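Asks: Given the structure of chain W, go ahead and fit chain F onto it with the hints provided.
Residues per chain are reported as follows:
Number of protein chains: 2
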Amino acid sequence: MRNPLLAPDLREFVAERDEAGLRDFFSGHHPADAAELLDDLEAGDVMFVLGLLPGRERAAIFDYLETTLQDAVADQMDDHDLAALITYMSHDERAGLMSRLPVERPDHIFQLLARAEREDIRRLQSYEDGTTGAVMTSDYAIVPADETAAAAIERLRHVAPDRETIYYCYVVDDDRHLKGFVSLKNLIIAPAHRRVADIMQRDCVYANVDDDREKTAEKLAEYDLLALPVVDHEHRLVGIVTHDDVIDVIVDEATEDVHRMGGVGPLEYSYLESSFAQLWLNRALWLSILFVAGFLTTWALTEFEGDFEKVPALVFFIPLIISAGGNCGSQSATLIMRALALGELTPRDWFRVFNREVLMGLSLGLGLGFVGFLRALITPSDRVAEGQLFKLSLTIGLAVAAVVLAGNLVGALMPLLLKRLGFDPALMSNPFVASLVDVTGIVVYFAIAQAILL
Amino acid sequence: MRNPLLAPDLREFVAERDEAGLRDFFSGHHPADAAELLDDLEAGDVMFVLGLLPGRERAAIFDYLETTLQDAVADQMDDHDLAALITYMSHDERAGLMSRLPVERPDHIFQLLARAEREDIRRLQSYEDGTTGAVMTSDYAIVPADETAAAAIERLRHVAPDRETIYYCYVVDDDRHLKGFVSLKNLIIAPAHRRVADIMQRDCVYANVDDDREKTAEKLAEYDLLALPVVDHEHRLVGIVTHDDVIDVIVDEATEDVHRMGGVGPLEYSYLESSFAQLWLNRALWLSILFVAGFLTTWALTEFEGDFEKVPALVFFIPLIISAGGNCGSQSATLIMRALALGELTPRDWFRVFNREVLMGLSLGLGLGFVGFLRALITPSDRVAEGQLFKLSLTIGLAVAAVVLAGNLVGALMPLLLKRLGFDPALMSNPFVASLVDVTGIVVYFAIAQAILL
Chain W
653 MRNPLLAPDL REFVAERDEA GLRDFFSGHH PADAAELLDD LEAGDVMFVL GLLPGRERAA
713 IFDYLETTLQ DAVADQMDDH DLAALITYMS HDERAGLMSR LPVERPDHIF QLLARAERED
773 IRRLQSYEDG TTGAVMTSDY AIVPADETAA AAIERLRHVA PDRETIYYCY VVDDDRHLKG
833 FVSLKNLIIA PAHRRVADIM QRDCVYANVD DDREKTAEKL AEYDLLALPV VDHEHRLVGI
893 VTHDDVIDVI VDEATEDVHR MGGVGPLEYS YLESSFAQLW LNRALWLSIL FVAGFLTTWA
953 LTEFEGDFEK VPALVFFIPL IISAGGNCGS QSATLIMRAL ALGELTPRDW FRVFNREVLM
1013 GLSLGLGLGF VGFLRALITP SDRVAEGQLF KLSLTIGLAV AAVVLAGNLV GALMPLLLKR
1073 LGFDPALMSN PFVASLVDVT GIVVYFAIAQ AILL
Chain F
653 MRNPLLAPDL REFVAERDEA GLRDFFSGHH PADAAELLDD LEAGDVMFVL GLLPGRERAA
713 IFDYLETTLQ DAVADQMDDH DLAALITYMS HDERAGLMSR LPVERPDHIF QLLARAERED
773 IRRLQSYEDG TTGAVMTSDY AIVPADETAA AAIERLRHVA PDRETIYYCY VVDDDRHLKG
833 FVSLKNLIIA PAHRRVADIM QRDCVYANVD DDREKTAEKL AEYDLLALPV VDHEHRLVGI
893 VTHDDVIDVI VDEATEDVHR MGGVGPLEYS YLESSFAQLW LNRALWLSIL FVAGFLTTWA
953 LTEFEGDFEK VPALVFFIPL IISAGGNCGS QSATLIMRAL ALGELTPRDW FRVFNREVLM
1013 GLSLGLGLGF VGFLRALITP SDRVAEGQLF KLSLTIGLAV AAVVLAGNLV GALMPLLLKR
1073 LGFDPALMSN PFVASLVDVT GIVVYFAIAQ AILL
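Chains W and F, in that order, are what the protein sequence lines are.
Every number in the working numbering is 652 more than the matching position in the first sequence, counting from 1.
Every number in the working numbering is 652 more than the matching position in the second sequence, counting from 1.
With the rest of the complex left out, here is chain W (with noise of 0.2 angstroms):
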């Protein structure tokens, strides 16, 4: 949605100073657009521009400036604005952004601020990170259930501006312990004399403040909702997760999973914004591993060196056959664990999956041991013994059906174990799939040719 006919402009006004050119430029924009503009801007320019908007404004496209700017810009700010703008701000980001402050200063700035708000910012910031209550927002709209339906939409009505939303609101008793949920559009339907507790939902749906945020996430799209109650352990509404949040959460897990299987551990930061040691560090730990694993291949050939001294054909075709079988390996592994991670599958299916797996691999197998099989069968004749074309191509084609077969079955049944055992099955990643297959792939082909051909 960048509009590249707009940021020349605003470089203008920032330049001269332009305050209201630069008030009408941002009045007509939505926070999302404003803070795409001003993300290619200064830190300082950017304070300087948000000092021109009233306090909400600021506050809200502050909110959608990218975190680094935000802390940029949070670095500059004296004590007293940086209060101001945290209160109008929505309470997940503030929250973010208050823990991500230098040492000493969120207790200069927590001194400023009213005590709900710093209450409420110490509470959000306790969550642990993929928790449910490390992604929820406690700015959330709750509505008496002995009010009337017209007489809570007025109440909405006023709390409105500091409310994420008001299209779902929420019933608690005294204690704060959920009660039940009403949607603002049951308010409306309803007669204006309805009370709320006759309007509510009782039994409505919510996740706990522990919960992993991924199984929130999926519970929020499974029921179609705009937002999910969050609950403590007593059953108390401590906060709400919004359909935007969640959004990000799943965004989030596929990049996980997705770096996960290309043999990358999860990141704090995107690509860019990671450091070169944070990627450096992340990825030397896999190769790594996968590297000293992979020794097991040099160990076996160095074992059947006797058996490609006298047929050095046999070499010819060792990246061919074990490629095979980690390529077919790698396809299973991701169907499985796409399956898993969706929910389509458990690990009770196995059985399923293991049928399955065992005939694709026979037949997939098959399919291409035949093609291996004409392939060595045009082996240049004078790289061949007399009389040993045939034995060796029978010997390959085989060989890649039953790598095949067995790269198929690692790959399928691997992330259903690991699921099995509580680790995360993205963790059978296709480079570790492919190593696996390669030290079975070497064995098994050294195996069928000694029975065939030596």
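Mixed in with the good hints there might be a few duds.
Identical copies carry no separate label here, and so any pair may be met within one copy or between two of them.
[To be verified] Dumping the calculated DSSO-like pairs for lysine-lysine here, alpha-carbon to alpha-carbon at most 27 angstroms:
| id | residue 1 | residue 2 |
| --- | --- | --- |
| 1 | K871 | K837 |
| 2 | K831 | K871 |
| 3 | K962 | K1043 |
Just so you know, the hints here were simulated from the structure itself, not pulled from any lab data.
Bear in mind that the values here come from a model prediction, so they are computed numbers and not experimental data.
Replies: Positioned in the frame of chain W, the structure of chain F alone reads:
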């Protein structure tokens, strides 16, 4: 959310055809829960249960049933019942259902529907898969520009049951050109007598009916919206895309990327729902391409036969070296593809990526190369000719470093190139990167061996 305690009750009610029990059972459940319970039953039983419920409730539950069960139930319903059901279904779901009916049936059903419904279904069916038109729904809410806020709310109240959402509504002129957007929140906050035209946002964010659904999903997510209006090429409002559909799109697109990365073409259905033949074809295609590409490794090794006949120990390290390059390439390809998919990178960033990944490849390669050098030093002395061990080890170390660097660059730059050429960068799957690096790796390895050892 499946409740194992409820399922046996349900089966009992169904077995005994206990109509009162069943009506009672379903009255308290969210349609998504009800559908999940029904997903375990036979189509005939599902039809019996749905037949007991009022039309709107029946359609709401039907909307949530699994696609295959929807089709099976529709198959058993007579045309009149199905037409009645379709009248109440959400507009996007019913267009999908109609598209999946067997050949002659849609014509019969169309005759039983009102003209407006018929045209609506035909229009929604007309958009190509993957476009915004194919995921939008036509049951959006419209308010006239000259109406007061109070009158608009009253209007929404009446249409609420038949609209996907009333939280966002749209203003169109007589030719249905999109003129503006107003949220229920703003209608409620506004003074009762204020006109919609004075409250509405005129330049609202929208999508075109032909836009890629992924782009539309990103737009909705970027602006944290509940729904996005969709216009045709004459800027006439034709539908909306809602937050829940966007979540489905995001999950689908992530699945497609994950599958592509693992060397599996996009699947129409989930792993368990896809037929064996569909999966086989899908997988066999990519495996065959990769297998035939692998012939290059066979050809290269045939060329280098003289080298490894002189020093057979060179063979021991072939899989180790090419895997290290493939793994490193999978990592960089994964990082770059995901960053491209998330819009964090564009092909124009290639120089930045190149610089970074040259350094990364060098540092990872030198690290692994050193480990490889040490590993080669402990090759059993009876397998290496007198005095060759150090030179062999040096060859291995340098080859690992060079192949890791090459693999890293191939993995990082090929997705950028593909994207630049207009292809899906995820086509550069992990198996494909590994195959490319296999050949390169063998050639580089033996070139280094020839320079140092032979």
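Asks: Could you work out which of the previously given hints the structure breaks and list their numbers from low to high?
Replies: Per hint list: zero violations.
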